[in-house]
Each structure stands twice: as structure tokens, then as C-alpha cells.
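Colleague: Letter by letter, the chains look like this.
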Amino acid sequence: MSWEIVIGLETHAQLSTRSKMFSGGSTAFGAPPNTQANAVDIALPGVLPVANRGAVERAIRFGLAVGGEKVINRRSVFARKNYFYPDLPKGYQISQYELPIVKGGEIRILTKSGEKTVRLTRAHLEEDAGKSLHENFRDVSGIDLNRAGVPLLEIVSEPDMRSAEEAVAYAKALHALVRWIDICDGNMQEGSFRCDANVSVRRPGAPLGTRAEIKNLNSFRFLERAIEFEAKRQIEILEDGGKIVQETRLYDPDKDETRSMRIKEEAHDYRYFPDPDLPPLEVSEKWIDEIKAKLPELPEAKRRKFIDLGISPAQANLLTSSIQTTNYALLMFGGASKANAPVFANWISGVLSSKLNEANLDISESRVSADQLRRLADRVEDGTLSGKMAKEVFDAMWAGEGTADEIIEKRGLKQLSDSGAIEKIVDQVLAANAKQVEDYRAGKEKAFNSLVGQVMKATQGKANPAQVNEILKRKLAG
Amino acid sequence: MLNASLKELAGALAQKKISSVELTQLFLNRIEKLNPALNAFITVDAQKSLAQARAADERIAKGGTQPLAGIPVAHKDIFVTKGWLTTCGSKILSNFTGPYDANVIERFNGAGAVTLGKTNMDEFAMGSSTETSFYGPVRNPWGQAYVPGGSSGGSAAAVAARMAPAATGTDTGGSIRQPAALSGLSGLKPTYGLVSRYGMIAFASSLDQGGPIAKSAEDLALLLNVMAGFDARDSTSVERAREDYARDLEKPLAGLRIGVPKEHFGEGLAADVGKAVEAALAQLEKLGAKRVPIGLPSSGLSVPAYYVIAPAEASSNLSRYDGVRYGHRAKEYRDLADMYRKTRAEGFGAEVRRRILIGTYVLSHGYYDAYYLKAQKIRRLIANDFAEAFKLCDLVVGPTTPTVAFKIGAKAADPVQMYLNDLYTIPANLAGLPGMSIPCGFGKDNLPVGLHIVGNYFTEAKMLNVAHQYQKATDWHKREPDL
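Those protein sequences? They're chains A and B, same order as listed. Using my numbering, read the first sequence as starting at 1 and increasing by one per residue. Using my numbering, read the second sequence as starting at 479 and increasing by one per residue.
The hints are simulated quantities; they were obtained by calculation from the structure and are not laboratory data. Among the hints, erroneous ones may be present.
Said to hold, decoys possible - From the structure, some residues in chain A lie toward chain B, with a derived Cβ separation under 8 Å:
#1 Ile42
#2 Leu44
#3 Pro49
#4 Val50
#5 Gly54
#6 Arg80
#7 Pro89
#8 Pro276
#9 Pro279
#10 Pro280
#11 Val283
#12 Trp287
#13 Lys457
#14 Ala458
#15 Gln460
#16 Gly461
Claimed, not checked - Counterexamples of contact, computed for chain A against chain B with all Cβ distances above 10 Å:
#17 Trp3
#18 Ile143
#19 Glu154
#20 Val245
#21 Asp269
#22 Arg271
#23 Asp277
#24 Glu297
#25 Asp308
#26 Lys435
Unchecked claim - Calculated from the model, a selection of chain B residues having no Cβ within reach of chain A, i.e. all distances over 12 Å:
#27 Pro514
#28 Ala790
#29 Asn924
The beta-carbon is built from N, C-alpha and C at its ideal position, and this holds for glycine as well.
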């Protein structure tokens, strides 16, 4: 009998505000330790928190994007989560507990097995803790409070995912969404977007199994590996007749395994209670309307538009992976037909993407603009360029040699599509290669390719390959 | 000058009858003479105070018109004060120098006042006698064997002994009003949210409120004018139009309805206090007020509810004193947990530790609903009681405390007896209402009795009006201890 893996994710997205969740302290990343922590952040006696309006607005934007107005709680409450740790200056973290700002919503994902909806439980505002530095010190730990108070949106999913692939698809969709609506820079190396995975296994149809929570997964690959390892570990235990203990585990990317951090019995009693320093967060209809009016069209709507243009769901997914990619595609596709759009999409997902990856550039920094790429693609469509020639032109464009037409002109790359001229050359090649003609007629298919090669060589590669093929076949048959 | 009102002092300074330096020195001399016995001040720094006084004199010479220009004011050591030791009466902050000014301090500085020193207090404002201070108990100027009340006992003793013209305090369950009553002074706890809590070291955030302690209601009005006002750094600060709290002082009291809650005149009220309060009620009637019997049926639940909510908030508020970033840290420890344990066991006194334990307990998983949530419900009942009462009357009047000052050490071993001292004052904190205490006579051993006045939200001007009219007709507030 098979096992079913059940996964829910808790994702911390750092909100892209300049100041912290409850103080005017800067959120800039990478500054020397403790230079971005003000009196409130280090919890001096007497200081008080003030909620950051920009962070609240971003949380509302998220709610609107995943579920519309109905998932925004008009009244939510900041609560204190109490525990002692040196990088937690107040001895409590301000979070939201019973009444989060967003309740519900959903994320659509696409995997090899098709489309699926992952339900969201909630999303709540909270502040980050500082960082304990155990390296570089002898006998003591260093504390860096720069991160302390950085605004986070914790997004909690229902246990709706059934494979590591689905979990990654969900994380990627969420990652794309938070950047799309411009609430988080999505920088995973800097910890701006990180996931905790709740993983359990069960026999299909059985109630949920005991889960383990894997903390702080800051890459999609780690997320995938950690879930795969953890599910395998649990299945092995169960198949050996053992029991899963509810616990928090850490993923070690070097060893590619998860290890126990603490079991449930050791879990803190956080003594949550409403923060008396912060009145309940009231969100007016007017404010929601204002935020809604500024919200860009969401990836799902754009995706549907691409599919309507004849683009495959998988490619539509890729084109909506970021608002920049979508904007690029829409600029390039301007007025494209259903026949052309998929071809244009190939340019973005193929040649352009690999070039951008190679140069480590975002599509918004592309050296070939959408408009220029469209002109190049048009030259292939109108037969001026072969695919191979177009690739050469693209490289030249990337190198800054000019527009497609300028490069075609300069390099004399215009494709030879005059069938009379091609026929003439074919005749010459056939006459000069009697052996190959004979071989072909004797059934050696390979000889055909050689003849094509000869024709292309004779035209310095400019002959329209489709036409060459067609003419050659006709002549050889005759 | 030692007995002068703030108005008189401002006049003398403006007319250059006395300089701020001279005035400040006068009070510094008085402190030097009396403080060793009374222990009202934790920190006195003559150099700093005199420098501020000199600057004030220069501004006065240039014709400046700040409301408290050159007037010395003592601040409770709960207000973080830049460059001044700020201990909150605790060992754990015994090495903590304020790196910034609390909003209240900023406001006094902005009004031209001179910081005369930092006054002694119950540790983290937890106490009703100023006996829990790490710096030792404060003695009541009216009888040095007695407590001055608390937690703002240092401020009360300083003003009562004429070591300061006025002082600041904070009131979480009665910590301004009770020491004012026990020390023969006028003290006002404003409506919650009127005075910014920024820089006021938190005890119980939803109850804490700063306010003035002075010799008269008129002085309180001038001080409240300085202290009150919106502060964006305190999310519970109330944004409303500025008002002059002295504007109604001279209004006659004809037609005023004073509500007298039967619950505050029952069992537990000492006869001497009851007698003085009754006389004060009669005096108010003579001034034109009408007496209205009212009920505050949930009043009896206020002390238990308070001793759930206040410790709960305190247990969390005091978590930051962990020895990691500032304040006392244990000298020797094995590991992190041991450092926390020793630092906090050494740094906090018994009463603070008791309340942290109570607070931690009531917030614990499985107990939260039974204690904290229930206490919050009682809080609403108490607020409702007052809302009902204010349909019948303009102010609620009664005794501030059940008894006059008790002897130092008398209740130190019995926390519940100590807590019951705040029986009449706590409801105003739970409801967020303004409350004040003014002297209304003397009880046994010639110790002062306080009259408690609770107003509806933001009716401080009316409360001060009533208090001022009463003080015009009586002279209790003018009496001073024989020192």
C-alpha cells in the first residue's frame, strides 16, 4: 500500500518597507551589526511600538490578491509571544495570534499533474527577531539586532500539498505573487522569503499523521530536498512499526538530512496575550478601496490572457513568473496573432531566458528590449531570417551592434528565398555530387543531409532551409 | 518661596524677584537638609539642575514666556531622563543612565522647568508604600514612622516636605492618588491616553498613566497643561485638541451633581477617614453641589481583576530586563539560562518577583481564560458601572484610601492587606477614567486624609474646577508638616 505525503507551509515574507514593523529603525540589509537598531529595536526601558502603516498596507494588498476584500479582517489584534532569547530584545515578539489581518484566501499552482488550488489559513503581521552569531567569537555569542523588528508577513497554508513538487510549486507561486504585488523583494539569500514546512505521511484516506515542522528553508531546492528526506524518514519509521513524534526539525543542506531541534514536550508556552501597547488594528473600507485601486492585475488573470493567445499553460506560467516578465511579453506580443504568440513566447522562454541567466540579469535589465526582440522575431516570420541566422542576429543585438534590421543589413544576412536562385544552386550541387545523389536514391538518407549542407554552403548559409529541402526533394524524386 | 504656588513662583521669576538659580538652590538646600531622613530622592545632581536653572534665567532675561520657566520640578525615577540615572527603583536598572528623554521630561524641559532630581518609588511602581524600592523606604513627612504611600511616594514626600514645588508621578492602581492622600497633597491621574507613556518605564501598559503631584488643584492644572498632549510614539496616546485645564477653575459649583458610591463607604473604611470625607461632601454641598447616591456594584471585583491584569502585563513588560543589553547582569553564571535566572533573581526585589510569577501563571496555557480573560470581562463591568453612574452624576466622590498612612513595615509581610489599600483607586485605572485626590482633613495621629474625585473621560477641567473651589473654601491643602 502506498503512502500519501501531506504538506503545509508557513512562509515568512519580509515586507519591503524602509522602516521596521514597530519603529522608525531602518530595514537596510547588510549593514554592520547593531547599526540599524534604534531605541525601540533594542527595547530600552520606556520605549513603545507604533505599527508601520506601510507594512499594514502591504498585508492588505496580499489579502486582496489571494482572496479579495472578504479575507481582510477589518479588526485584527497584535499579540505578544513571550519567550527569552538574547536576540529577542523585549523578551517577546509582537505578532498576531487570535485575530490575524488576513483570514483565508488561496494560491493556484501548476504541476506536472495539472492545476491545483492551495488554500491559505491566514496571513499575519509580525516582527522579526535579531540574529545570534555563534561563529567568529570565542566562548561568547554575538548578537546583531539589525533584523530585530523587521516587518514580516507570515503566510500559513492549509495542509493541501501532496508532494515536494507541489510544495515547491506553491512556494514559487507565492514568491512570484509577493513580488508581483510589490510587498516583498523575494530575496531568499538575504532571508526575505523563507519557508517552514509541516510534513506528515499517512495511508490514503486515513486521518492526518503526526507532523514534523522543518524550519527556515531558504531555497526552493532545500524545500524540495528537506520534504523528500523527511517524508522518506517518516515512512521508514512507520514501516518499521515505529511512531512519529511531533517535533521541530532543521534541514542540513550539507548532509541533505533533517535533524531534530526540539520535541513538542519541550515546546515553549508562549503566553500569548493582546499587546496592551497597541490598540486593535482597524482597517476602514475606504482604505481597502484605495489599496484595491492601486493593485496591479494579478498573475492569474494575465496567465489566462496568455492561454487565450494560444500559449501553453506551462509557458503561460513562466511568462507570469514575474510582473517584469509579463510586461516584457505583453510589450513584445503587441497585436500578435494566435499563431505568432506561441512563437514569440518561445523567444522569451528560450534564447532570451538563457542569455539573461548567463548574464545574471533580470528581464527588466535585458540588453534586448521587447520591441527589438519582436522586430527580430518578425524577420523570422516573414522569412528574412532562418532560425540559425536569427540566433546570430540576436547575439549581435545583445552585444549592442544595433537593431535586427541594421545587423541583417550590415552582415548581409538576408535569407535567400528566391526559389529560382535556390533551384539554380541546387542544380549545380546535384551535378557536382553525383555520388551522393546515387547513394540517396539507393536509400541512404544520410546523403540528403550532405546535399543540404552543400547547398547551404554554396549560399553562405543564407538559403531558406525549408525551401532548400523542398526543392532538393522534388529534384531528387524527379 | 518654599510654600509658594506655581503661579506665585512664575510671577516672582518673571518679575526677577528671584532667579531660577536662587530658587533651585533654595530647594537643593532643603533637599540636602531633609532628604537624608526622608529618602524621597534617588538622584540629586545640583550641577545639572543649576545648569538648567542658569539657562532658564537667560531665557527669562530675554523675555521668554515658557509656562514653567525656571521652576524646579522633581521627576519620579520611572521617567527616562537623558543623562540622569534612571532606576525605576530597581537594582536591575541601578546602573542605567537615560539615553533619551521621556515625552513627559521633554514637555517639562520645553516648558522651561528645571529638573530638581529623580524621586524614589516602589520598584517598577509595584507597591503602595514605597517600601519595595531598592533604594530603601521613603518616610512620610507627616510622621516619619509612616509610609508616604506609593508607588510615587518619593514625589509625594518631596512635595509634602517642600523639597520641591511640584513633582511628577505615575498611577497604575492609585500610585499618584494614594501617596497624595497619605501625604496631604493634590494628585491627578489623567484619563488614560492623555499623557504620553513614551519613556515612562512600563509596569502595566493598559493601566499606567503619568500625572502631577502638587500642593493644590490650581498647580495641578498648570502642570497638566504641560504634561498632556498627543505623542505619535505612544499608540495609546489620544489625539485631541489642546485644552487649558485651568480654564474652568473659577466656575461656581451650583448645580454640580456629585455621585457618592455606597460601595466606597462600607466595611473597611476607617472611621477617621469616613468622617473627614463626609465633612468634605458637606462642604461641597455648601458650595452648591447636589449629592446623588450611586452604586458601583462591580467595585468589589476590581482588586482581584487588577491583580490579574497588572501582573500579566508586567510579567511581559519586565522580560526585557535580562542582563543582555543593559542594566544589572549577574557576575558569574554557567550558561545562558543560568545568566537569566541569576540576573533576574538578583536584580528584582521580592514584590516584583511575586508579580512576575503571578503574571506568568495567569497567562499560562490552560489558565488564560480563567484568569486573564475573566479579568478583562470584569474590567468592562467596572467601566459599565461608571458609565451608568455618570448618567446620574457629574463626578464620583469618596475616600481615596480606606485608612490614613500606616506604619513602615506594618503591611510589608501581607501583600493582600497592602493591595487592599488601592481598593477605591483601582476602578478608575481599570476603566481608564481620570481620578484625583485632594486633602480633606486629618485622621488619627494627625495624618492627612484624601478626598477622591473620579470624572468621566477627559473631564479633568471640571474635576480641577471642583477641587479648586473646594480648596478656596478650605485650607487643608495649605497645611504643612512640621519638619
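Colleague: State for each hint whether it applies.
Modeller: Hints and how they fare:
no.: 1; hint: Ile42; in the structure: holds, 6 Å
no.: 2; hint: Leu44; in the structure: holds, 7 Å
no.: 3; hint: Pro49; in the structure: holds, 7 Å
no.: 4; hint: Val50; in the structure: holds, 5 Å
no.: 5; hint: Gly54; in the structure: violated, 15 Å
no.: 6; hint: Arg80; in the structure: holds, 5 Å
no.: 7; hint: Pro89; in the structure: holds, 6 Å
no.: 8; hint: Pro276; in the structure: holds, 4 Å
no.: 9; hint: Pro279; in the structure: holds, 6 Å
no.: 10; hint: Pro280; in the structure: violated, 11 Å
no.: 11; hint: Val283; in the structure: violated, 15 Å
no.: 12; hint: Trp287; in the structure: violated, 17 Å
no.: 13; hint: Lys457; in the structure: violated, 76 Å
no.: 14; hint: Ala458; in the structure: violated, 80 Å
no.: 15; hint: Gln460; in the structure: violated, 74 Å
no.: 16; hint: Gly461; in the structure: violated, 71 Å
no.: 17; hint: Trp3; in the structure: holds, 33 Å
no.: 18; hint: Ile143; in the structure: violated, 7 Å
no.: 19; hint: Glu154; in the structure: holds, 20 Å
no.: 20; hint: Val245; in the structure: holds, 20 Å
no.: 21; hint: Asp269; in the structure: violated, 5 Å
no.: 22; hint: Arg271; in the structure: violated, 4 Å
no.: 23; hint: Asp277; in the structure: violated, 5 Å
no.: 24; hint: Glu297; in the structure: holds, 35 Å
no.: 25; hint: Asp308; in the structure: holds, 48 Å
no.: 26; hint: Lys435; in the structure: holds, 86 Å
no.: 27; hint: Pro514; in the structure: holds, 28 Å
no.: 28; hint: Ala790; in the structure: violated, 6 Å
no.: 29; hint: Asn924; in the structure: holds, 38 Å
Hint compliance for this structure: hints 5, 10, 11, 12, 13, 14, 15, 16, 18, 21, 22, 23 and 28 are broken, all remaining hints hold.
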